[in-house]
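A.B. asks: Here are the chains, one letter per residue:
Protein chains: 4
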Amino acid sequence: MRVGLLTGGGDVPGLNAAIRAVVKRGVGEHGHHIVGFRNGWKGVAEGDIQPLTRADIRNVLPIGGTLLGTARFHPHAVEGGMDAVMSTIENEHIDALICIGGDGTLHAASKVAEAGVKVVAIPKTIDNDVWATESSIGFDTAVTIATEAIDRIHTTAESHNRVMIVEVMGRTAGWIAATAGIAGGAEIVLAPERPFDIDQVVRFLKHRHRAHASFSIVVVAEGATPAEGTSMDYEMQVGQFGQIVAGGISDRLKHEIEQRTGFDTRVTVLGHIQRGGTPTAADRILGSRFGVAAIDAVTRGEDRVMTAVQDGEVVLVPLAEVAGRVKHVPDSLLDVARALA
Amino acid sequence: MRVGLLTGGGDVPGLNAAIRAVVKRGVGEHGHHIVGFRNGWKGVAEGDIQPLTRADIRNVLPIGGTLLGTARFHPHAVEGGMDAVMSTIENEHIDALICIGGDGTLHAASKVAEAGVKVVAIPKTIDNDVWATESSIGFDTAVTIATEAIDRIHTTAESHNRVMIVEVMGRTAGWIAATAGIAGGAEIVLAPERPFDIDQVVRFLKHRHRAHASFSIVVVAEGATPAEGTSMDYEMQVGQFGQIVAGGISDRLKHEIEQRTGFDTRVTVLGHIQRGGTPTAADRILGSRFGVAAIDAVTRGEDRVMTAVQDGEVVLVPLAEVAGRVKHVPDSLLDVARALA
Amino acid sequence: MRVGLLTGGGDVPGLNAAIRAVVKRGVGEHGHHIVGFRNGWKGVAEGDIQPLTRADIRNVLPIGGTLLGTARFHPHAVEGGMDAVMSTIENEHIDALICIGGDGTLHAASKVAEAGVKVVAIPKTIDNDVWATESSIGFDTAVTIATEAIDRIHTTAESHNRVMIVEVMGRTAGWIAATAGIAGGAEIVLAPERPFDIDQVVRFLKHRHRAHASFSIVVVAEGATPAEGTSMDYEMQVGQFGQIVAGGISDRLKHEIEQRTGFDTRVTVLGHIQRGGTPTAADRILGSRFGVAAIDAVTRGEDRVMTAVQDGEVVLVPLAEVAGRVKHVPDSLLDVARALA
Amino acid sequence: MRVGLLTGGGDVPGLNAAIRAVVKRGVGEHGHHIVGFRNGWKGVAEGDIQPLTRADIRNVLPIGGTLLGTARFHPHAVEGGMDAVMSTIENEHIDALICIGGDGTLHAASKVAEAGVKVVAIPKTIDNDVWATESSIGFDTAVTIATEAIDRIHTTAESHNRVMIVEVMGRTAGWIAATAGIAGGAEIVLAPERPFDIDQVVRFLKHRHRAHASFSIVVVAEGATPAEGTSMDYEMQVGQFGQIVAGGISDRLKHEIEQRTGFDTRVTVLGHIQRGGTPTAADRILGSRFGVAAIDAVTRGEDRVMTAVQDGEVVLVPLAEVAGRVKHVPDSLLDVARALA
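Residue numbers (our numbering), protein chains in the order written: chain A, 1 to 341; chain B, 1 to 341; chain C, 1 to 341; chain D, 1 to 341.
In isolation and in its complexed conformation, chain A is listed as follows (with noise of 0.2 Å):
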């Protein structure tokens, strides 16, 4: 078999683990062709194939990003995208498409699926929020790199009356914030599951410097938003490359709890750090079972499926039950974040 092979969206630590996995059992064990195609769909539009043996992925396990590049790119959002894709995959002969992504190149993988190619995912996001699995590639990392910096502003100069808040990735789902609040020990988390009242939140970090503490962290998650009928003055801009210029979330609360507390507070927005570096070691474990799973499906004919965790144990499941679902955080967990602030 000729079996393609793709990373998509933003680049997450684990992907290369991935990689690795599918060259090695693929073509170890299978004796497939691996063609891999440069910066994600884009690749594929364009015909920008990089063929993977055993020598390209070599020493790849403890290295961040993804070998094959990856671009924020949908073949179908893309004039004559579906058109250029489908006849890459006819002039390179590929019997089936491996698609490494989160949201949208899942997305992009099940309308190449209905123009009858054979597709199977693995999931990646550090967001976290694909549906049907416990985790994605880059995930554990993430919480990682952002659990350490809040013990590292935990560490700092416990100064009178100083609210700290430390700004994590997540949009829609929380749940970088969460696990990492907890692990932490954040006094408050925000995250977009519960809008927060700013009253509320003036009102703990009052009660809280009153009884006794010099200093809160607050994490707050980049999609966090306060609840309907809730005021924050301060309005956010937006830049020429769609990314916040300022007023994102952290300065609005920045803004708000000095005006209302007069307390100093100060802003770490984490950024692109949570999302590169060496994979920890549950990040590559995931990776290499997932690229394991999906190479032994591929091989077996299976289609339109993605791998996933359920219960502890790598599965499959129909890419239809997973696209346009959001896996948030769940109740109980976001209870635990609070319980222990």
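None of these hints come from the bench; they were simulated from the model.
When chains are identical, the list treats them as one kind, so a pair holds in a single copy or across two.
Restricting the straight-line Cα-Cα distance to at most 20 Å, the calculated cross-link-like pairs of lysine to aspartate or glutamate (EDC-like) are:
#, residue 1, residue 2
1, LYS111, GLU79
2, LYS327, ASP311
3, LYS327, GLU313
With the hints as your guide, set chains B, C and D onto chain A.
C.D. replies: Just chains B, C and D now, kept in the frame of chain A:
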């Protein structure tokens, strides 16, 4: 309520997260008194108590070990042990006991429960072999440390025809060997679940080194054993404290490999570094979740249950179901380790 | 002897190693009483003392921050400050004072010495700009953290024509920028020692991205400034606590680079994570050596001296020689940073 | 110019930083051709070359080991070795040679220089015992790893009357033992510079455990030896590859301590993990500075010199001054280690 709390057995990173969660939630939410016992069951037998308030658990999240101390002491195995335990429970007016520990501690917990004490258990073991739970406190940190060590050994001079043996913990189950072996990219993983054939190991190494590679890493669990009928000359010697003085499994492997292949073979026994130091984010989260679940269970009047992770959620399982059973590494995981060799 | 001990200014990892060394050596070897003052000079002024015994310094080596607390308080700049300090010195029968701090603390130490108190100082600053010593406590840890962050950013998707700005500490000296820039392999390093020409920065980036590279990392010290005569539009805004709210040097750089090149430019401000967490081995060793040297100096009756590293050895230098001078990054080091771009 | 480059001896983290600097600066600034030799002097003797361009050194900064490979091969100690080396130098038109290595490599460099080849050396050794330089590549990383290991061992159950021996590298000089011992807070540090009296060690341990402590850490350099006239029964056994099979210094210590005190004593031999993995920031900076200094020296026509750190600056010292001398740990540092026990 007056709730007793102890940590037993060998210590592991993440215990303090569980203690902290029991205290924060127990005192702050439920208004209980938390009575800590020093050095596990020994402290219960001797009435060696340490009241735990919120002040006692500040800043303990990133600290390894256990602030309560621990000991390998089994009240039911010591003359008068059970009586001493029951008398402390009575004198201290303990309404229920939260026991954090592995095999031995859980077994003692069952015995004490039979004697009429309400008991809720929390599983910890770097070996990850407690039945009925996907993970136990300490395992993730141990795998992380072992993986880092294998990484380091990987980058050392890839000298010609050298074999590096890395011995990790795991007496009856090979969880660390299998997972760290995968994460570190080991060529051979030897776990207690699959007694190994030394002839096969030697043949694999000769073949590999003849083909191209100049360097092989063998990860072996301390409890791995040669298959019956296969011969390994070198004998094990046990010291006065029960520890292996010479001729542990690594030494025996080294001896055989050098004899039969002539390859320079080096042994690194990770030993105690696997069970100390800062817990990973995952172990802190697990400890925190288990702690909250345990004190909530106690408050609801639950008895003879253990906190566990199933399908990604924290649940309670009957202690009776757990006792005397070992959770072995499943074939699926050992197969991934072998597939990626 | 009764020896006072304080830590002043912003806290850094490694302070506890110095405190521990002063206490272990001072109590154990010399038989002194060590009188800790809480929160730097503020504690001296207010008579806020904390006697330090060997029990107090157990297990503090790996802990960031300072067990004595710290504050930015300058007795000579506050009305009645010096009198309050002198009165505490007298009331507590302090024979000599060991002051651990940066610029401000050392300056205050000079003032107090002039008033007749025997003073021995230990330099700490993550900026590494204390005169007469090769290194100060906290610098190595800060460089290590900044390098890890740059590493992580390096492995994220090497998107086309993206510029990543990493802002590190360093108001008047660019030690962290230069060293972490070298260690992390930055393409451009901007330090206060060499005001930069934004035209040149832009030209370099355009040239580099045109040639081949798709990705550039710019490491900038918070105190880097554009050269006179060069224009940068964007203005800085300062908040009520003196911190930069918007328009820090990174924001200004980002603005200019995006305007002139059209390259997507992202900013990561490391901020407080640089000054917290477990100290590196080097900072613990430095703190330990300085602590022993300081208490030995006090015992010998030395006065108005500072511990320093010169030619790899710990020596004492006159405090007068240090005051008011800034140790800038030498050209040789900035040249290495540029040579490896 | 055509400049040869090799790395010899055991590998250490930071070598790639030096290689990268030589290539970036040599090719980019000076326009030289850099000719890499594989596996140290062996590659020179065998004409095994690997041309090095800027593409070859991308992303190597955080990678341990050496991209050129290394070997313990001494041309002057092998029949025909020197002739083979000279013939390669001639055939490849090598104008000068940059040799990165420790003791053995530097010695070979002297021999080759005597035969008429221009040579500039860069010192690397985790033992830190190269004369005339404050530090050598690899030392800081080794100390960091050893300190982390001691930290981990520190937090494991502080069982009653247990002694933990941690064996670190250092055959003739005890730099790692002394510095990691200080950084990790060891109770006893045994270095080759001060042959130890086992009676005194035993007395100290007994006294300490009697007083209060239940737990002691002994850090011992592999080359530490008992003082003359003191007796230790247990004998060392050496294997066929020259390595110690049993009865290394740790085993001997363990044996004596257990015999004489009855304390449970455990040994952890760090071994190869000390010389692998990601280099610390300090080692990358040192490698980078040495690399730039070496290629600049070659360009200026310098000969028979070694890069060195003196008074915090990178300088050149005559190779002749270095050869055959060992830089031992100064008393001042060993005294700090003892003072803080």
